[in-house]
Amino acid sequence: MGTLSLRRWLTWLTAVLLTGGSSLVVVGSSMLSRARQAVATPMSASELLEDGDRRLAAGDVPGALRAYDDALVLDTLDIAPYYRIGVALSYTGDREQATAMFLRVVRQGPGTREEVHRAKAWLIQAGVPLPPEPDAC
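Residue numbers (the numbering used here): 205 to 341.
Everything labelled a hint here was simulated from the structure, so no lab data went into it. Model, not experiment: these values are computed from the prediction. Glycine is no exception: its CB is placed at the ideal position from the N, C-alpha and C atoms. Don't take every hint at face value.
What the hints assert, rightly or not - Here are the computed distance ranges between Cβ atoms for each label pair: (1) 331 - 295: 26 to 32 Å; (2) 297 - 337: 17 to 23 Å; (3) 257 - 311: 19 to 25 Å; (4) 321 - 281: 31 to 37 Å; (5) 335 - 262: 30 to 36 Å.
Go ahead and model the full structure; you've got the sequences and the hints to work with.
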């Protein structure tokens with residue numbers, strides 16, 4: 205059995221606490237659905253990224269953002285979730301948040317990663333100054 209992220213565990217616990225027997229008291233169906241999914245199908249960060257990619261390709265930007273956010277919870281050091289969140293946010297027109305995600309990718313990621321190159325290209329096209337390169341020691 206896989207492990208649950210803290211966020212998924214809290215979602216599940218909230219759904220359990222807010223149910224009386226088998227009837228739902230307060231929780232909306234989407235929260236209950238996410239709680240059931242968290243318990244029933246623990247996914248790895250890479251599986252969540254793939255799920256987000258499928259959702260984004262199908263036009264489900266909110267669903268993609270949820271999947272990318274869940275992947276980020278599982279692996280905060282990987283730049284892939286940040287990059288994909290930036291891409292999804294750019295589709296929503298949220299330039300400020302997309303910029304923040306792409307700047308994080310550029311600052312945090314190694315220059316050899318494709319996500320870094322694409323984030324830099326997006327920032328340049330958007331007219332956002334790139335952060336300075338780290339000094340070589």
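Hint by hint, here is what the structure shows:
{"no.": "1", "hint": "331 - 295: 26 to 32 Å", "verdict": "violated (19 Å)"}
{"no.": "2", "hint": "297 - 337: 17 to 23 Å", "verdict": "violated (30 Å)"}
{"no.": "3", "hint": "257 - 311: 19 to 25 Å", "verdict": "holds (23 Å)"}
{"no.": "4", "hint": "321 - 281: 31 to 37 Å", "verdict": "violated (19 Å)"}
{"no.": "5", "hint": "335 - 262: 30 to 36 Å", "verdict": "holds (33 Å)"}
Hints 1, 2, 4 from the list above are not met by this structure, while the remaining hints are.
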